[in-house]
Amino acid sequence: MTSYFIRRLLLIIPTFIGVTILVFTLTRLVPGGPIERMLSEAALAGADETATTSYDSQGGSTLSDAQLEDLKAYYGFDKPVVVSYFEWLGKVLVLDLGRSTRYSDPVWNTITDRLPVSIFYGVWALILTYGVCIPLGIYKAIRHKTAFDNLTSALVFAGYAIPNYVVALLLLTIFSANLEWFPLGGFVSDDFDELSGFEKIGDVSIHAVLPLIAYTLGGFAFYTILMKNSLMDNLAAEYVRTAVAKGMDFRRAIFGHAFRNSLIPIATGFGNNISLILTGSFLIETIFNIDGIGLLGFESLVERDYPVVMGILVVSSILFLIGNILSDICVALVDPRVKFGSGDAGQ
Amino acid sequence: MILDRLRQSFALNPLTVKQWRRFRSIKRGYYSAVVLGAMIVLSCGAELLVNGRALIVYYEGELYFPTYGDIIPGSAFGLDYEYETNYRDLDAEFEEQDGDNWVLMPPVRYGPLENNLTPGYFPPYSPSFETGHYLGTDETGRDVLARLVYGFRIAFAFASLLLLCNYLIGIAIGSAMGFWGGVFDLAFQRLIEIWNMVPTLYVIMIVASIVIPNFWTLAAVMVALGWTAMTWNMRTSTYKEKTREYVLAARALGASNQRMIGSHVIPNTISVIVSFIPFSIATGIFLLTALDYLGFGLPPPTPSWGEMLSQGQKHIVTAPWIILSVAIAISIVLVMVNYIGEAVREAFDPKKFAYYQ
Numbered sequence: 001m002t003s004y005f006i007r008r009l010l011l012i013i014p015t016f017i018g019v020t021i022l023v024f025t026l027t028r029l030v031p032g033g034p035i036e037r038m039l040s041e042a043a044l045a046g047a048d049e050t051a052t053t054s055y056d057s058q059g060g061s062t063l064s065d066a067q068l069e070d071l072k073a074y075y076g077f078d079k080p081v082v083v084s085y086f087e088w089l090g091k092v093l094v095l096d097l098g099r100s101t102r103y104s105d106p107v108w109n110t111i112t113d114r115l116p117v118s119i120f121y122g123v124w125a126l127i128l129t130y131g132v133c134i135p136l137g138i139y140k141a142i143r144h145k146t147a148f149d150n151l152t153s154a155l156v157f158a159g160y161a162i163p164n165y166v167v168a169l170l171l172l173t174i175f176s177a178n179l180e181w182f183p184l185g186g187f188v189s190d191d192f193d194e195l196s197g198f199e200k201i202g203d204v205s206i207h208a209v210l211p212l213i214a215y216t217l218g219g220f221a222f223y224t225i226l227m228k229n230s231l232m233d234n235l236a237a238e239y240v241r242t243a244v245a246k247g248m249d250f251r252r253a254i255f256g257h258a259f260r261n262s263l264i265p266i267a268t269g270f271g272n273n274i275s276l277i278l279t280g281s282f283l284i285e286t287i288f289n290i291d292g293i294g295l296l297g298f299e300s301l302v303e304r305d306y307p308v309v310m311g312i313l314v315v316s317s318i319l320f321l322i323g324n325i326l327s328d329i330c331v332a333l334v335d336p337r338v339k340f341g342s343g344d345a346g347q
Numbered sequence: 348m349i350l351d352r353l354r355q356s357f358a359l360n361p362l363t364v365k366q367w368r369r370f371r372s373i374k375r376g377y378y379s380a381v382v383l384g385a386m387i388v389l390s391c392g393a394e395l396l397v398n399g400r401a402l403i404v405y406y407e408g409e410l411y412f413p414t415y416g417d418i419i420p421g422s423a424f425g426l427d428y429e430y431e432t433n434y435r436d437l438d439a440e441f442e443e444q445d446g447d448n449w450v451l452m453p454p455v456r457y458g459p460l461e462n463n464l465t466p467g468y469f470p471p472y473s474p475s476f477e478t479g480h481y482l483g484t485d486e487t488g489r490d491v492l493a494r495l496v497y498g499f500r501i502a503f504a505f506a507s508l509l510l511l512c513n514y515l516i517g518i519a520i521g522s523a524m525g526f527w528g529g530v531f532d533l534a535f536q537r538l539i540e541i542w543n544m545v546p547t548l549y550v551i552m553i554v555a556s557i558v559i560p561n562f563w564t565l566a567a568v569m570v571a572l573g574w575t576a577m578t579w580n581m582r583t584s585t586y587k588e589k590t591r592e593y594v595l596a597a598r599a600l601g602a603s604n605q606r607m608i609g610s611h612v613i614p615n616t617i618s619v620i621v622s623f624i625p626f627s628i629a630t631g632i633f634l635l636t637a638l639d640y641l642g643f644g645l646p647p648p649t650p651s652w653g654e655m656l657s658q659g660q661k662h663i664v665t666a667p668w669i670i671l672s673v674a675i676a677i678s679i680v681l682v683m684v685n686y687i688g689e690a691v692r693e694a695f696d697p698k699k700f701a702y703y704q
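So the protein lines, in turn, are chains A and B. Numbering follows our numbering, in which position 273 of the first sequence is assigned residue number 273; successive positions increment by one, without gaps. Numbering follows our numbering, in which position 246 of the second sequence is assigned residue number 593; successive positions increment by one, without gaps.
A few of these clues could be false.
[To be verified] Listed below are several chain A residues computed to face chain B (Cβ distance under 8 angstroms; list not exhaustive): (1) 15; (2) 163; (3) 313; (4) 317.
[Said to hold, decoys possible] With a straight-line cut-off of 25 angstroms between C-alpha atoms, the simulated SDA-like cross-links for lysine to any residue are: (5) B:587 with A:331; (6) B:661 with A:206; (7) A:145 with B:381; (8) B:587 with B:519; (9) A:91 with A:10; (10) B:661 with B:458; (11) B:587 with A:237; (12) B:587 with A:269.
[What the hints assert, rightly or not] Simulated restraints on C-beta separations: (13) A:322 with B:547: 19 to 27 angstroms; (14) A:189 with B:415: 53 to 61 angstroms; (15) B:665 with A:112: 33 to 41 angstroms; (16) B:416 with A:79: 56 to 64 angstroms; (17) A:79 with B:532: 35 to 43 angstroms; (18) A:83 with B:547: 29 to 37 angstroms; (19) A:264 with B:593: 28 to 36 angstroms.
No lab work stands behind these hints, which were simulated from the structure alone. Just so it is clear, the structure is predicted and the values come from calculations on it, not from any experiment. Glycine included, C-beta positions come from ideal geometry on N, C-alpha and C.
Bound conformation, chain A alone (with noise of 0.2 angstroms):
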């Protein structure tokens, strides 16, 4: 089992590289970098205005030349490629990701503090989903064809159609702006400082119900679907059909030997909820102004703060490929019938 889980890490090093030099060179195209450099030549060369107009179109302050200097010394823009490249990846590897050009911090302290408002709804998305999925996905198998199971069909398959903004926006309007059951958005109150232990609880709480909607919904037809089909594909094996056969009653068959077996396709992508947990949807906490990552990605990237931009983009990478390996030992703990050592990895 060891070397099955060694193996698999030592794999994760050449994609590791492959995505550092993804975005190495991304970071070439950050102002002041090369491209942009060549970029604006060329506009002064053929006297042509768009590329500069649309620069400030975008609403992204330039930045100041103090700030290119940092970005140009951090990137190592005066040095060959190849050196710059190396001497950046020692840097990140000891979690050294530059300083944020609109906070002056360590892009990696800038990073850690939205953690937590993260990782609060990552987990709270992550416990809905499964909670709701699996049950639902077992009973559909069972009730298949029936009128319940076609009206959840259609329904988590519309909650799947919908992208998840719009759903978002769609809440927004009716629940908060028009009914005001809920607030406009924001991760707490503003006087939540003043509010006692259990009224925090509830502020928390009434802030989270439409952003949690929002997040959860287009999730619940992937995995309940997953559910479904391979709960009925299990149930059509062979081995039901003899315990069945023995005598053994049908919901013994399914609680017994068919649902452990169906859940290894769920499994799979378990360890994927990681990053997402992490990064969340950036147009989600966008909509509803939550402080998470995904809008410090967002505000970072509309602000030209490209230190923290890049610092995302490394820390995500790397969260997804931890993911994936945990994917691999869950399913590894779920399926007996996975060889440690056959080397499968790389699939």
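Given chain A, work out where chain B should sit, using these hints.
Then chain B, alone, in the frame of chain A:
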């Protein structure tokens, strides 16, 4: 005799007929397809239904058809200006004159780019049958319904273009990966794995800050980032098909690689390709709308659903009709697209279960 021959040559593959029957039997998907198909056809002729220009003008014994073609200056109809005729005013004036002249307007009398301001009142104006703004106007006095219709057409055209390009690339590279395997396959696998990490929206925002995005640049960036999904699917299904006996038989008969891929493997993976189409369309619409919402999409004043969403959010309390109209429109369209996708998948790959209770 001849009729029989004709029917034979047009006869569909019995499998296709069966799949079509199965698709029709799934009511949710079938009716969605009918409605959406009608919407697409109607939106192609949107100029005839939703337009500030009149359909027909009868003036001094002559008929004019201003819908398509160059603008007709007001002076052509005896008005005292040289810019484009305002047909709604012309209609009112002809009514007043009570002569033989008449104007036939489209059902919705406003174009998507016209600012219609009522002196003394500030837009957005609320929905009203009197003014003909059936869904109200936005903050600059443009008709919401007109922008919805034209926005739908642009979003759908955009998604279809994305689909076409992504599928061409995906089918070409994917079937090559699956068919040849080996180093070629491995190299592309790693490339796709890394490529998938690129956050699409981020890259587009970075591109948008360098050049002004238009319909074609946006599509190019999205294809550059989006070709991987179809490639991966095609790789898997080619991989499966390659080992089947009929491919082996073709190889034994001395078929070339191109022939084996082109006339044997790809036709047999068509069900996979077709069942992904609706979901790709939905993704295309989703991406374009999200970008427009954030302000990194098509340049103004292009009618776009995303731009209307962000405007609607600004006026969420004072003018809820903007956001409600566009959010409901997006929801309905995307739900229908997904119902179609679900039905197509079911038609191509019916899951029949038998279990014993």
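**OP:** Return the status of the interface hint for residue 313 of chain A: holds when the least beta-carbon distance to chain B is below 8 angstroms, violated otherwise.
**Re:** holds, 7 angstroms
Original post:
Taking only the CA atoms, is the gap from residue 661 of chain B to residue 458 of chain B under or equal to 25 angstroms?
Top reply: Holds - the C-alpha atoms of residue 458 of chain B and residue 661 of chain B are around 23 angstroms apart, at most 25 angstroms.
Original post:
CB of residue 665 of chain B to CB of residue 112 of chain A, is that within 33 to 41 angstroms?
Top reply: holds, 39 angstroms
**OP:** Take the C-alpha atoms of residue 145 of chain A and residue 381 of chain B, compute the straight-line distance between them, and say whether it is at most 25 angstroms.
**Re:** Holds - the C-alpha atoms of residue 381 of chain B and residue 145 of chain A are around 24 angstroms apart, at most 25 angstroms.
Original post:
So the hint says 35 to 43 angstroms: do the beta-carbon atoms of residue 79 of chain A and residue 532 of chain B match that?
Top reply: With a Cβ separation near 36 angstroms, residue 79 of chain A and residue 532 of chain B satisfy 35 to 43 angstroms, so the hint holds.
**OP:** Answer holds if the nearest beta-carbon of chain B is closer than 8 angstroms to that of residue 15 of chain A; otherwise answer violated.
**Re:** holds, 6 angstroms
Original post:
Against chain B, with CB atoms and a cut of 8 angstroms, does the hint on residue 317 of chain A hold up?
Top reply: With a closest approach of 5 angstroms, the residue 317 of chain A hint holds.
Original post:
Between residue 264 of chain A and residue 593 of chain B, does the beta-carbon spacing fit 28 to 36 angstroms?
Top reply: For residue 264 of chain A and residue 593 of chain B the Cβ distance comes to about 32 angstroms; the hint holds.
Original post:
Within 25 angstroms, alpha carbon to alpha carbon, are residue 587 of chain B and residue 519 of chain B?
Top reply: With a Cα-Cα distance of about 16 angstroms, the restraint between residue 587 of chain B and residue 519 of chain B holds, given a limit of 25 angstroms.
**OP:** For residue 416 of chain B and residue 79 of chain A, compare the CB-CB distance with the range 56 to 64 angstroms and indicate the outcome.
**Re:** holds, 60 angstroms
Original post:
Could one say that the CB atoms of residue 189 of chain A and residue 415 of chain B fall in the range 53 to 61 angstroms?
Top reply: holds, 56 angstroms
Original post:
Does the structure keep residue 91 of chain A and residue 10 of chain A at a Cα separation of 25 angstroms or less?
Top reply: holds, 21 angstroms
Comparing the model with each earlier hint shows no violations; every hint is respected.
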